[in-house]
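K.L.:
One letter stands for each residue in the lines below.
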Amino acid sequence: MKPPPFTFHDPRSIDEAVGLLAEKDNAKILAGGQSLMPMLNMRFVLPDDVIDINNIDDLTYIRDDGDALVFGGMIRQHEIESSDLVAQKIPLMREAILQVGHRQTRNRGTFGGSLSHLDPSAELPSVSMAQDATITVRKRGGARDIAMADLPMGYMTPSFELDEMVTDIRVPLWPDGHGYAFVEFARRHGDYAITSSAVLLDVSDGGKITRASVTVGGVGPSPLRVTAVEDGLLGETGSAELFTEIAEKCRDIDAMEDVYAPAWYRQHLAAVLTRRGLAKAFSRASNGTEINLK
Amino acid sequence: MSDRRTICVNINGKAYEREVETRLHLADFIRHECLLTGTHVGCEHGVCGACTILLDGKTARSCLMLAVQADGKEILTVEGIAPNETELHPLQQAFQDNHGLQCGFCTPGMLTTLLEFLDENPDPTEREVREAISGNLCRCTGYQGIVAAALDAAKRLQAGT
Numbered sequence: 001m002k003p004p005p006f007t008f009h010d011p012r013s014i015d016e017a018v019g020l021l022a023e024k025d026n027a028k029i030l031a032g033g034q035s036l037m038p039m040l041n042m043r044f045v046l047p048d049d050v051i052d053i054n055n056i057d058d059l060t061y062i063r064d065d066g067d068a069l070v071f072g073g074m075i076r077q078h079e080i081e082s083s084d085l086v087a088q089k090i091p092l093m094r095e096a097i098l099q100v101g102h103r104q105t106r107n108r109g110t111f112g113g114s115l116s117h118l119d120p121s122a123e124l125p126s127v128s129m130a131q132d133a134t135i136t137v138r139k140r141g142g143a144r145d146i147a148m149a150d151l152p153m154g155y156m157t158p159s160f161e162l163d164e165m166v167t168d169i170r171v172p173l174w175p176d177g178h179g180y181a182f183v184e185f186a187r188r189h190g191d192y193a194i195t196s197s198a199v200l201l202d203v204s205d206g207g208k209i210t211r212a213s214v215t216v217g218g219v220g221p222s223p224l225r226v227t228a229v230e231d232g233l234l235g236e237t238g239s240a241e242l243f244t245e246i247a248e249k250c251r252d253i254d255a256m257e258d259v260y261a262p263a264w265y266r267q268h269l270a271a272v273l274t275r276r277g278l279a280k281a282f283s284r285a286s287n288g289t290e291i292n293l294k
Numbered sequence: 001m002s003d004r005r006t007i008c009v010n011i012n013g014k015a016y017e018r019e020v021e022t023r024l025h026l027a028d029f030i031r032h033e034c035l036l037t038g039t040h041v042g043c044e045h046g047v048c049g050a051c052t053i054l055l056d057g058k059t060a061r062s063c064l065m066l067a068v069q070a071d072g073k074e075i076l077t078v079e080g081i082a083p084n085e086t087e088l089h090p091l092q093q094a095f096q097d098n099h100g101l102q103c104g105f106c107t108p109g110m111l112t113t114l115l116e117f118l119d120e121n122p123d124p125t126e127r128e129v130r131e132a133i134s135g136n137l138c139r140c141t142g143y144q145g146i147v148a149a150a151l152d153a154a155k156r157l158q159a160g161t
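Sequences listed follow chains P and X, in order.
Going by our numbering, the first sequence wraps up at 294, each residue one higher than the last.
Going by our numbering, the second sequence wraps up at 161, each residue one higher than the last.
Mixed in with the good hints there might be a few duds.
[Claimed, not checked] BS3-like, lysine-lysine: derived pairs with alpha carbons at most 30 angstroms apart:
no. : chain 1 : residue 1 : chain 2 : residue 2
1   : X       : Lys58     : X       : Lys14
2   : P       : Lys24     : X       : Lys73
3   : X       : Lys155    : P       : Lys2
In short, the hints are calculated from the structure, not lab data.
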């Protein structure tokens, strides 16, 4: 298992990188390499050119924009894990990142790489979907923003063009005191989850849910917002009964089936994990109350 | 007509300058070009953890990097852990004393992973140790000894022995 022959490029600037992308017909961007390198080793991909963006300093930042945190595409998963800013402002991301692979892979793996690879059960795309992130992609002579909801075109297929690359990810913040939970089920710690659920809740003084975001990963071909659950929560007061009943709607999602899990099992996990996620998120919201599921 | 580059990588304090194919992965560079065969190649797709090295002080799977990406970087492999030819590092000594290795194939990856882990978490619980090595497969299934060695090593390192 050795990578196929290719021509290697290591540009020092975004302009240089997107220039190469524009000129080369069959090129691949090498970010953290935690997905592309195995695919090269196994020869699942056969690029003529590999463009390594590890030497572009402009892509490795976390910036506080007040109402959002903005991430450079090459920010590494371990940097997200160890960021106080992320822990404080996007606690959902902090909880999710600890379930991404292992320390050795988080040291290399990147946010932009995870969004470009777009595995249906990967944690960072789910968090981006839950938080309504915006992804900036650049190509030679231009840039555009893509709402996370519009990023997946299908299984592991982002909607940007072959000559575009992810440069920035803007993650809007929820108000202080919001409830959050990222729960997943994997056979072994650090494996890709079979199914995950990401929950965000805003809860008013009286304990009523005023805003809800529920995303399941690993069920459809990409992370999915479950609007049937979100809509059913609005204006309601959180309770074990409510969460148990409403999470059942996850069983209606059209689910993938593969050698690892049949569709009914993913639907079942989506319902169970969403129920747990809702209870955890509501318990954590500053206006919420402790919910104990039976 | 292969794409080649000359790179210089510092491994265990020694500079290795070689001309390599750009598609060569770092684990093969360490083993075949630098003849440091302590770093083991198990799965070559980032699952087994046997090829774990420290790149500029942080663990990485050397099969998931190209050798050219390590140009100008500092690498520590299992050969560089011991302080000298005759003494073992406390972590290695703990592995020997606690039967932390059977066939030894996973050992280099276990040691490098635990070096970083114990540096950041000098007084871990058993559960934390198990989670820390969850990305390293031991096909002898000798995890009990490895976990015992890691906990023992934490004590030794804290006591400074």
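K.L.:
Please go over all the hints and tell whether each is borne out by the structure.
P.N.:
Evaluated hints:
1. X:Lys58 <-> X:Lys14: Answer holds: Lys58 (chain X) to Lys14 (chain X) is near 18 angstroms, not above 30 angstroms.
2. P:Lys24 <-> X:Lys73: holds (28 angstroms)
3. X:Lys155 <-> P:Lys2: Roughly 41 angstroms separates the two Cα atoms, so the pair is violated.
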